Structures are given as structure tokens and as C-alpha cells.
Amino acid sequence: MLSAGDYQAIWLTLKLASLTTLLLMIIAPPLAWWLARSQTKIRPLIESLVALPLVLPPTVLGFYLLIAFSPEHFLGEWWLSFNDTSLAFSFTGLVIASVIYSLPFVVQPLQSAFVHLDKSYLEVSATLGYGKYERLYKIIFPMLLPSFIIAGALGFAHTIGEFGVVLMIGGNIPGETQVLSILLFDHVESLQYSSAHQLSFILLAFSTSLLVVIYGFLQKRQQRVLNA
Amino acid sequence: MLKFNIQKSFKGQDKHSKDLHFKGEVDLSGVCTIFGDSGAGKTTLLRCLIGLESCTGNITFQGQQWLGSNGNNKIHKLAVEDRNIGVVFQEPRLFPHLNVQQNLELAVRKAKNSTFTIHHLAEKLGFSDLLSHQTTQLSGGQKQRIAIARALLTNPALLVMDEPLSSLDVTSKRLLLPFLKQVSEQIPILYITHSEHELFYLSKQMLLVNDGQVEAIGEPQKLFLDSHLSLIKFAQQGLILTVLVKEYDQQEALIKGCLDGQILYVSAEQAPTTSQIQVKINSRDVIVALKPIEGSSLLNCLSAQIVDFSQDNQKAVVLTLQVQSQSIYAYITLRSFNKLNLAIGSHVYAHVKTMSIIN
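Sequences listed follow chains A and B, in order. Using the working numbering, the first residue of the first sequence is number 1, and each one after it goes up by one. Using the working numbering, the first residue of the second sequence is number 229, and each one after it goes up by one.
Possibly wrong hints are sitting among the right ones.
Unchecked claim - Below, simulated DSSO-like cross-link-like pairs (lysine-lysine); rule was C-alpha separation at most 30 Å, straight line:
| # | chain 1 | residue 1 | chain 2 | residue 2 |
| --- | --- | --- | --- | --- |
| 1 | B | Lys484 | A | Lys41 |
| 2 | B | Lys432 | A | Lys119 |
| 3 | B | Lys401 | A | Lys119 |
| 4 | B | Lys236 | A | Lys132 |
| 5 | B | Lys305 | A | Lys119 |
| 6 | B | Lys474 | B | Lys432 |
| 7 | B | Lys239 | A | Lys119 |
| 8 | A | Lys41 | B | Lys305 |
| 9 | B | Lys340 | A | Lys119 |
| 10 | B | Lys239 | A | Lys41 |
| 11 | A | Lys119 | B | Lys474 |
| 12 | B | Lys246 | A | Lys119 |
Keep in mind that the hints were calculated from the coordinates and are not lab data. All values reported here derive from a predicted model rather than from experimental measurement.
Please construct the entire structure, taking both the sequences and the accompanying hints into account.
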């Protein structure tokens with residue numbers, strides 16, 4: 001059966017994924033809206049930066065983050081000016097890295113929904129008396145709820161599957177940075193195959209069921225709204 | 229009162245830009261119809277007026293400035309959401325994630341002391357049993373009725389409609405036209421249409437748009453007779469007349485009507501529900517004679533006077549015949565015109581086959 005260490009890693013992974021998803025759901029909608037609507041010249045650049053984690057080896061991203069988090073550099077130094085411990089090898093560091101790493105998975109479904117959104121719904125909302133921001137939060141975002149759930153679920157699932165970045169900046173501290181994917185690697189390295197089997201199966205089952213829900217159920221609802 | 233003087237330029241693909249310049253002043257009571265050919269700029273004018281399309285110039289509505297410059301050359305534009313207008317578009321544009329009731333509640337939430345209620349409008353427009361339905365399950369006619377209710381629930385100072393009935397079936401139109409006429413007694417309506425029938429039925433005032441400009445503003449009956457307007461070619465094909473209903477003969481399926489004191493028979497499958505009907509007499513269906521024709525199947529013979537005539541490039545002649553307060557056009561050959569020795573002021577009898585009158 002699962003050991004206490006396994007449970008701790010599961011709990012930590014869920015905590016990391018939930019917190020990351022929460023932060024992403026705050027950052028991503030305005031960013032995706034801007035990417036979908038803006039005509040400025042720097043838009044392609046920002047769009048590329050957001051998409052970078054899709055193509056870059058996670059270890060590259062992790063390496064640069066490790067450097068940025070170190071006390072010799074600006075971000076790490078600034079962090080240490082009001083904290084006792086370094087940003088690298090900390091849970092907070094993992095959250096920051098996960099937000100960057102999973103950003104495209106949340107931004108892209110939202111951006112696609114916003115691009116396909118018929119402008120006429122915004123016009124109607126305005127004629128009903130809803131102001132510039134009010135119409136988004138009270139009408140348009142609820143209308144695109146399936147897309148928001150898909151975006152959040154993809155961000156959550158992707159954070160759970162994160163390995164390379166965590167390997168670089170995590171430091172494998174139980175209860176602090178030792179997430180499921182790292183613990184699984186540890187089990188395999190120490191030849192504890194039965195523990196590795198259990199963790200692998202949990203991750204496989206979870207990811208499969210989440211994707212089935214997204215593609216089987218939510219995507220249909222999303223299409224229904226976008227094609228209406 | 230709605231006063232506007234606005235410009236808008238479109239950049240075409242081949243670098244030719246098209247400039248639209250609309251200027252006018254309409255007294256808003258009842259329905260004011262925006263009429264014109266497709267591509268004339270009706271929808272653009274309307275969208276500029278309500279603020280959905282950017283343009284430059286001035287717009288004032290009942291003393292409130294919607295667009296203009298204040299003092300130091302700064303452009304002042306009142307946001308659409310602050311203009312207190314209800315808008316019905318050509319398509320219903322209901323929100324797909326909400327049911328009918330929830331769609332309507334969105335409008336109610338923003339309305340200040342509305343005179344309308346969801347319950348009342350649902351009953352009046354016949355969708356009470358649809359309130360809990362998803363909007364994606366409804367037919368086009370049902371959706372548009374709900375869209376009209378939604379616009380009214382915002383308690384607007386002006387109701388703006390862009391060809392709201394154009395894609396609807398006859399039954400829905402029959403329900404909505406009298407309803408809109410009734411609404412217009414409380415709320416002024418700015419109404420785009422292609423249909424002469426809707427124009428003459430609803431409005432006392434029309435705004436004729438042609439080639440990106442407001443060509444004329446006035447009563448439809450007058451503008452359709454004005455030979456200086458671009459409308460004239462279209463108008464001369466046939467005019468809409470208002471006929472008072474006297475009796476309906478069920479057996480012969482015939483309405484006996486009264487046109488300016490003269491009898492006019494109109495065929496109708498069903499008894500009319502209103503005391504007035506609108507009919508259209510095509511100018512090609514009018515036979516002009518100096519004496520009433522006897523011994524023929526013709527039922528309608530109207531005594532009239534020629535007040536104007538013009539010749540088209542096929543050499544045929546269009547006569548404007550005044551019955552009394554209303555007029556009809558008659559399209560005849562030059563040979564007939566000469567044979568009868570017609571001139572302005574001539575008194576003639578206009579015959580129209582009952583079956584060719586469009587009810």
C-alpha cells in the first residue's frame with residue numbers, strides 16, 4: 001500500500017496544482033483577452049513568450065529559473081530582502097515556476113474561445129446597459145464557462161505532470177518540493193517497483209479521466225456555445 | 229427629437245475610400261422608418277447613431293449629447309450602455325448559455341422602473357410556455373419575439389430595430405406588426421425595413437437613405453410621389469394605399485372597401501381583423517379610360533385626375549392619378565397616352581382588376 005511519504009507527495013502535488021491553477025485563472029483571462037483582441041506590434045512577441053514552455057525542454061526553463069532564484073540575481077536577492085529562505089528549493093519557487101510552465105495550457109484555450117466569440121454578443125450586452133468590464137464578468141465569461149473549465153483543468157493536469165522544472169529547482173525536499181513525479185523517479189531509482197507501479201497508476205488514471213471529461217463532455221458544450 | 233450630422237469613411241480594398249455623410253433631424257413620435265436600397269447605408273447609419281460604429285460629428289437625442297465635441301476640441305462620446313436605448317438586431321442574438329427567462333432577466337436587472345414585465349410581455353407576445361426553454365431549441369420567430377421583449381424590458385427611451393421581421397414567417401409578422409405599432413405610442417421607434425408594407429403600416433415618418441446620404445425625410449405617402457427622389461423608379465412600380473373596410477363577403481371571399489369615398493373590392497381569404505387594410509396597386513395593372521368601362525369583369529373603377537406624368541426610356545408613360553387624398557400610378561404606352569389625348573388635369577377612370585390588388 002501507499003506509504004506516508006507517498007501520501008505526503010500526493011497532498012503536496014494537489015496543493016501545488018490547485019494553487020497554480022488558481023493563480024493562472026486570475027492571470028490568464030485578461031492576458032488571453034488581450035492576445036485575442038490586440039492589434040499592437042508587440043502582440044506576436046508576447047504570444048511567443050507565453051507559448052515558449054510548449055516547445056522548450058522543461059530543464060532549460062528550470063535552469064534559468066534556478067539562476068534567477070539564486071541570491072546573486074535580482075529576483076532571488078529581492079526575495080531574500082524580506083524572506084529568510086531562498087526562493088530556489090522552496091514551495092513558493094515551485095508555484096512561480098509552475099505558473100510560468102503551465103501558462104500556455106490555460107491561455108490558449110481561452111484565447112481561442114475569445115477569438116471565436118461573436119462580437120455581436122458584446123454589442124447586445126452593451127445595448128442592455130452593461131459597461132465595458134461588467135459585460136465581460138456578468139455575461140461573456142459565464143457564457144464561455146466550458147472554455148474556462150477546460151483551461152483550468154488543462155493547467156491543473158499539466159502542473160501535476162510537471163517533472164523537468166521541479167527537478168531543476170525543487171531539490172526533492174519531502175513535504176516542501178517532493179511532488180509525485182519526482183517521488184516516482186526516486187522509487188524507480190531505488191528499485192522499489194511496486195511503489196512506482198502504484199504512483200504511476202494513480203497518475204495515469206487521474207490524467208485519463210480528466211481528459212475524457214474535457215474532450216467528451218466539456219468540449220461539446222463549448223462548441224454548442226460558440227456555434228450558437 | 230434626434231439630430232445628427234455625422235461622417236464615416238470606409239477604406240475599401242483597392243484604396244478607394246467611401247465616405248458617408250448623414251445629416252438630419254427627426255421628430256421622434258411613433259415609428260420613424262429608415263428606408264433605402266440594400267447597400268445604401270441604412271444599417272451603417274443606425275449603428276453610427278446608437279454608437280456601435282465609430283464616426284465623427286454630432287448626435288443629440290432629446291437634448292442629450294450622444295456624440296460631439298465639448299469645449300477644447302475633445303470628442304465626447306456617450307457609451308452605448310449609457311444611452312438608454314433598446315436594440316433589436318436582424319438576428320435575435322439571444323445568449324446561448326441562458327434560458328429564455330434568464331435572458332430576459334439580464335435586461336430587467338439593468339432597467340430603471342420598467343413599465344414592462346416579463347410576465348406581461350411573454351403573454352402579449354405568446355411565449356409564456358417557453359420561459360424555461362433553452363434558447364437553442366427555439367425557432368427563428370420565437371427567438372425574435374423574445375429579443376423584442378428583451379429590448380423593451382430595458383425600459384428604453386428609444387427603441388431601435390434593424391429589419392427585425394425580415395426573416396420571419398407571415399404568422400409572426402401578423403402578430404408583431406400591430407404590437408410594434410401599439411408600442412410606438414409609448415416609445416419612439418427607429419426602424420429599418422425593406423418592406424413597403426411595414427413602412428406604410430407602421431410609420432408616419434420616413435428617412436430615405438441613398439448612396440451614403442440622407443436623401444429626404446418626410447411622410448412616406450409624400451416621398452413616394454416625389455419625382456425628384458431616387459425612390460421614384462421603385463415607387464412607380466406600384467403604391468400602397470390605405471383602404472377602410474366596409475364589409476366582408478365570406479362566400480365570395482371579397483372585401484368591400486372604401487378608398488377616399490370610392491368603392492374598392494379586394495379579394496381576401498379571411499375576414500380582415502382591422503378596420504383598415506393596406507393594399508398595393510401595381511402601376512402595370514391599372515387600365516385608364518375616359519369613361520367607365522361597362523360589360524366587363526372589372527369591379528373596380530376609380531374616378532381620378534391626372535396630376536403628373538413622366539416618360540421613361542422605353543417611351544412608356546407613368547401617370548400620377550390622384551383619387552382624392554391618395555394617389556396611384558398607372559403605367560401605359562405612349563400610344564394609349566396620345567390616343568386618349570391625356571394631359572395634366574384630365575379626368576379619367578382608373579380600372580383595376582380585383583384579383584391583381586395585393587392585400
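To see whether the hints hold, each was checked on the structure:
{"no.": "1", "hint": "Lys484(B) with Lys41(A)", "verdict": "71 Å, violated"}
{"no.": "2", "hint": "Lys432(B) with Lys119(A)", "verdict": "34 Å, violated"}
{"no.": "3", "hint": "Lys401(B) with Lys119(A)", "verdict": "28 Å, holds"}
{"no.": "4", "hint": "Lys236(B) with Lys132(A)", "verdict": "23 Å, holds"}
{"no.": "5", "hint": "Lys305(B) with Lys119(A)", "verdict": "20 Å, holds"}
{"no.": "6", "hint": "Lys474(B) with Lys432(B)", "verdict": "24 Å, holds"}
{"no.": "7", "hint": "Lys239(B) with Lys119(A)", "verdict": "21 Å, holds"}
{"no.": "8", "hint": "Lys41(A) with Lys305(B)", "verdict": "27 Å, holds"}
{"no.": "9", "hint": "Lys340(B) with Lys119(A)", "verdict": "26 Å, holds"}
{"no.": "10", "hint": "Lys239(B) with Lys41(A)", "verdict": "21 Å, holds"}
{"no.": "11", "hint": "Lys119(A) with Lys474(B)", "verdict": "51 Å, violated"}
{"no.": "12", "hint": "Lys246(B) with Lys119(A)", "verdict": "24 Å, holds"}
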